[in-house]
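Chemist: Protein chains in written order, with our numbering: chain A, 1 to 275; chain B, 1 to 249.
Now the in silico label distances, taken between C-beta atoms and shown as ranges:
(1) Phe142(A) - Ser144(B): 41 to 51 Å
(2) Ala33(A) - Thr9(B): 30 to 40 Å
(3) Ser115(B) - Ser75(A): 50 to 60 Å
(4) Ala33(A) - His216(B): 36 to 46 Å
(5) Asp44(B) - Gln43(A): 40 to 50 Å
(6) Ser144(B) - Leu15(A): 35 to 45 Å
(7) Gly58(B) - Arg20(A): 24 to 34 Å
(8) Gly133(B) - Ser47(A): 20 to 30 Å
Derived BS3-like pairs (lysine-lysine); straight-line CA-CA distance at most 30 Å:
(9) Lys37(A) - Lys103(B)
(10) Lys103(A) - Lys15(B)
(11) Lys19(B) - Lys103(A)
Calculated directly from the structure, the hints in this document are not laboratory data. For clarity, every value in this text was computed on a predicted model and none was experimentally measured. Just so you know, even glycine gets a beta-carbon here, dropped at the ideal spot from N, CA and C.
Residues per chain are reported as follows:
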Amino acid sequence: MSTPLQVYEPFRAGLPPLIRYWKSLWSRRRFIAEYSKSELHEQHFDSVFGQLWLILNPLLLSGVYYLLIIIIGGSSDSTRYAHLTASLFLFYLISNSLSSGVKSVTTGQRLILNTAFPRIMLPLSATIVAISKFLPTLVVFFVIRSFIGLPYSWQMLWAIPVLFISVLLALGLAIAISCVNVYFRDIASFLPYLTRTLLYLSPILYEASSLKPKLRSLEIFNPLFPILDSWSRTLVHAQAPVTSSLLQGLAWALGILIFGTYFFLSREREFAVRL
Amino acid sequence: MRELGLTYTTAIDRKPTLKSRAKSLGRGTKQTRVVHALNDVNLDVEYGHVLGVIGTNGAGKSSLMRVIAGILPPTQGRVEVFGKVSTLLALGVGFNPSMSGRKNVYLGGLAAGLSRDEIDEHFEEIADFSELGEAIDSPMRTYSSGMYARLAFSVAATTRPDILIVDEALSTGDAKFKEKSLNRMKELRGDDRALILVSHAMLTLKDICNDVAWLHKGKLVQRGRPDEVIDAYQEFLQVGKSAAIDEDV
Numbered sequence: 001m002s003t004p005l006q007v008y009e010p011f012r013a014g015l016p017p018l019i020r021y022w023k024s025l026w027s028r029r030r031f032i033a034e035y036s037k038s039e040l041h042e043q044h045f046d047s048v049f050g051q052l053w054l055i056l057n058p059l060l061l062s063g064v065y066y067l068l069i070i071i072i073g074g075s076s077d078s079t080r081y082a083h084l085t086a087s088l089f090l091f092y093l094i095s096n097s098l099s100s101g102v103k104s105v106t107t108g109q110r111l112i113l114n115t116a117f118p119r120i121m122l123p124l125s126a127t128i129v130a131i132s133k134f135l136p137t138l139v140v141f142f143v144i145r146s147f148i149g150l151p152y153s154w155q156m157l158w159a160i161p162v163l164f165i166s167v168l169l170a171l172g173l174a175i176a177i178s179c180v181n182v183y184f185r186d187i188a189s190f191l192p193y194l195t196r197t198l199l200y201l202s203p204i205l206y207e208a209s210s211l212k213p214k215l216r217s218l219e220i221f222n223p224l225f226p227i228l229d230s231w232s233r234t235l236v237h238a239q240a241p242v243t244s245s246l247l248q249g250l251a252w253a254l255g256i257l258i259f260g261t262y263f264f265l266s267r268e269r270e271f272a273v274r275l
Numbered sequence: 001m002r003e004l005g006l007t008y009t010t011a012i013d014r015k016p017t018l019k020s021r022a023k024s025l026g027r028g029t030k031q032t033r034v035v036h037a038l039n040d041v042n043l044d045v046e047y048g049h050v051l052g053v054i055g056t057n058g059a060g061k062s063s064l065m066r067v068i069a070g071i072l073p074p075t076q077g078r079v080e081v082f083g084k085v086s087t088l089l090a091l092g093v094g095f096n097p098s099m100s101g102r103k104n105v106y107l108g109g110l111a112a113g114l115s116r117d118e119i120d121e122h123f124e125e126i127a128d129f130s131e132l133g134e135a136i137d138s139p140m141r142t143y144s145s146g147m148y149a150r151l152a153f154s155v156a157a158t159t160r161p162d163i164l165i166v167d168e169a170l171s172t173g174d175a176k177f178k179e180k181s182l183n184r185m186k187e188l189r190g191d192d193r194a195l196i197l198v199s200h201a202m203l204t205l206k207d208i209c210n211d212v213a214w215l216h217k218g219k220l221v222q223r224g225r226p227d228e229v230i231d232a233y234q235e236f237l238q239v240g241k242s243a244a245i246d247e248d249v
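If we strip away everything but chain A, and leave its shape as in the complex, we get (with noise of 0.2 Å):
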């Protein structure tokens, strides 16, 4: 009989076999869209219902900075809410990703208790589910953008590089945190706390270029800060962002994803008997 033969051996500490992993990991693509579709389904994100759930949601929390902001603050630029809207919008992909990545390889423990896969499936399934609930929500964005009346140009497709170097910071934060909340199951108590505070101090109720010089040298410490106001600049004020917060936005997203992908994967042999 012809049949492909898997060795399993002891594992010095350190990383798996990474070529046979990533290899292992697009072959489960299916499963990993399945995981993902379930998941939203679980959430009921895949009724109708659940969809106007996805745009209220994010809608109502900015209805409440700008009464917030724009009434009580007494500020009457328009442009203050597009930025607060679209900054909103991209934190609530990270802060969904964290989320909902946090718990997922406890919540996967049948899974892994059972099956040989890569387990990073989970926390990247986790960062889909937040991508699926992101979309809608930039449809919405476009809408309130067209009703204010912000000029259009080509420097906004510099918003996709932007977008895709959220999506690679929420998904490190997703991978490095499930990890963390195996050793630690009351990580997730924290998180709001952690949220919150990020959210105080990245540039969504305030624009970066609000801030004095003095605070503005600390945005270095913040992942979130450079990406979001290159969010802003792209997407509200339709320029080329600057490449200085680009890079920096870049360093952090992928300083974070390599680290949290070498702590989980040097971890996760041992998911099975830590659950």
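Knowing the structure of chain A, use the given hints to seat chain B on it.
Modeler: Only chain B this time, still in chain A's reference frame:
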């Protein structure tokens, strides 16, 4: 399997937390323990054979199954697996209770490493074997444990894997389905597939297995003809040939 050993470190708390770790700082409280799950196990299973695995709770049976399936890497020795493995170590792995049985056949099949085409090809057979009828289109949260078991077994066994590993998964099905499942396993055996069956149901093991391996505290105590090994195991347990040990428990 050659000189197979498995030792791992696991958390003492079922759900370790940062809070408990912080509280234990400076107190010297142990947070982890080392488990020697398998020690120097040598086993071969050939195509066309069914190996039964018996042992008391904590003997290392499930750990052995997970090492063979590639879920846990061994810490000593080597496992060579020729062929595609399908595991039934727990029921409904990969299933999503909020989705229909039909969608879960695809989800469970993809989780088990099958392609969509393979599932398409076997779908009718899986649905027929599970005897779910129209319930195949109902959400799985409405299923009884027996219906769940039937669908899970159907997905794992109908696609005819080279090697099927079943770990006490049949105990939730009704008598009729158990018999049907056993017949399917005999078919797989006749079809030159390899089966490994972990069970406490001694009659079933005697009926279906060519060989039985008895594990105790991670070590292989005996391997041989089902009658001999099961008798020795029952003598060890000092239960004799009681009805309770013969049936599923």
